[in-house]
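K.L.:
Given these sequences and hints, build the entire structure.
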Amino acid sequence: MPEAATLLPTTHDEDWRYADPDWLAAADPVALAHWEEITVPAGEARCEAFEVAAGVRRLRVAVGAKARFEIFAVNASAPYARLDVEVTLADGAHFEFGGVTIGGGDGTQEFVTRVVHAEPNATSNQVVRAVQWDQATGNFLGRIEVVKDAQKTDAAQNFRAILLNKGASANTKPELEIFADDVKCAHGAAIGELDPQIAFYMAARGLPPQAARKLQVHAFLADAFEAVPEDDLRDKLLGIALDQLEEGAL
Amino acid sequence: MLKITNLHAEVDGKKILNGLTLEVGAGQVHAIMGPNGAGKSTLAYVLGGRPGYEVTGGRVTFMGQDLLALDPHERAAVGLFLGFQYPVEIPGVSNVQFLREALNAQRKYRGEEPLSGGEFLKLAKEKAGLLKLDMEMLKRPVNVGFSGGEKKRNEMVQMGILNPSFAILDETDSGLDIDALRIVGDGINAIMRDPAKGVLLITHYQRLLDYVKPDVVHILAKGRIVKSGGPELALELEREGYDTVMADA
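Taken in order, these protein sequences are the chains called U and L. Just add 70 to wherever you are in the first sequence, counting from 1, and you've got the working numbering. Position 141 of the second sequence, counted from 1, bears residue number 136 in the working numbering, the numbering being contiguous throughout.
One or more of the hints may lead you astray.
What the hints assert, rightly or not - Straight-line distance between alpha carbons at most 30 Å, and here's what the computed BS3-like set of lysine-lysine pairs gives: (1) L:Lys222 to U:Lys306; (2) L:Lys(-2) to L:Lys222; (3) L:Lys117 to U:Lys306; (4) U:Lys236 to L:Lys(-2); (5) L:Lys146 to U:Lys284; (6) U:Lys254 to U:Lys243.
Hints are computed from structural coordinates only; laboratory data are not their basis.
P.N.:
This is the structure in structure tokens:
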């Protein structure tokens, strides 16, 4: 449908409902319709770790039988930054996604994933953590589709957000579409604040408020990168995310 | 060392402390005993500076300075340690990381050089050994998955590492079996029995006092000290109960 490329989505479209409407109205429809195509051949493994730049990046990934595809991403760009990932899993394939949205001002950072379990025995695990302040918004829209024959699918999705002040917000919309009958699909979501009991405990041991809050955010974000295969890479990603906090968030 | 004068405090608008006066000198261990709801934990939290515990009157000086004017982390840095009745779990932060950051934050406040990773680990190993807590546990997230007794021993390991000049221990003995009680008691003595240090031991029961001999025992009731005496007062309480002992207070 080439004509579809010329239509701009709006926040009335389900997949764009939490997007930045001003950014969207001014977007280039042709660029927006572009998907980067990635193929992970059967039995192979590929890991992508990156910072999401401002704007929209869209990845369409075919993961072959018993192959493994991993994405670990820090999404901290303003005013609007979005990563779209559409993954199709073949027999016994695995998709791992660890994402962090973090930011203040009036920025919007979001992850939108669609994971298609197209064949049996595939597994997927998605962990997204959001830390927002000021008027910023962090979103995770995750859709999991399990086709009729994709028995023994094991799919998990978890989203948690911490809002550092009252003006910030977070949105999540888990969607499960399951047509097979022997599957495991788990999802969880929670939006909250930093725990004041932990804050006082840290203070009672001598940590000043800023350091205590930073340590709490560090612990919170660590979940998203727990599956990162190398310690150095995990530390680097966490470092990039935590550096965002220096600018008056705490 | 610690001088509390006519302290009044409330929580959620409810008066809990009503003119509490108490002084602990250097080299002394004082025990505070009292029935449920007397204000024992409130006293600990007020001294620690917990948000929501509002001081409405009185003074507290700690080594000559106005304690109540300091933020909670500053009170820790000037040498005050608060041992929690219910130590908090911190998922995702290891004991080692937490304590090293806490210790170095305290040292920075006092104008001292930070400890290196190696120096810190050596210190942590020594104090964990003193409390018979496996060093592996210090590499795990703070208190997560620890039993009640392990949490209390971990509090004492933290106290050993931070090496305060004054410790307020809020029901450190609750939830301990008899072996753990002995270990914790020995730990308190090893870390805090010092002519330059002081301890305020808040407890329900006499049994911890078998291991940590108090110089003075106070009975707290309705937000103030109603009776003070030597170690024999704790035994009397244990034998006769609060009602009888307080009746002639």
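K.L.:
Confirm or reject each hint.
P.N.:
How the hints compare with the structure:
1. The suggested pairing of lysine 222 of chain L with lysine 306 of chain U is violated, with an alpha-carbon distance near 59 Å, which exceeds 30 Å.
2. Distance check on the hinted pair: lysine -2 of chain L and lysine 222 of chain L sit about 17 Å apart at the alpha-carbon level, within 30 Å; holds.
3. In summary, the hint linking lysine 117 of chain L to lysine 306 of chain U is supported, as the alpha carbons are separated by about 27 Å, within the 30 Å threshold.
4. Between the alpha carbons of lysine 236 of chain U and lysine -2 of chain L the distance comes to roughly 40 Å, so the proposed pair goes past 30 Å and is violated.
5. A hinted pair counts as satisfied when its Cα atoms are at most 30 Å apart, and lysine 146 of chain L with lysine 284 of chain U qualifies at roughly 24 Å.
6. A C-alpha spacing of about 19 Å is found between lysine 254 of chain U and lysine 243 of chain U, which places the hinted pair at or below 30 Å, so the restraint holds.
Hint compliance for this structure: hints 1, 4 are not met, and every other hint is.
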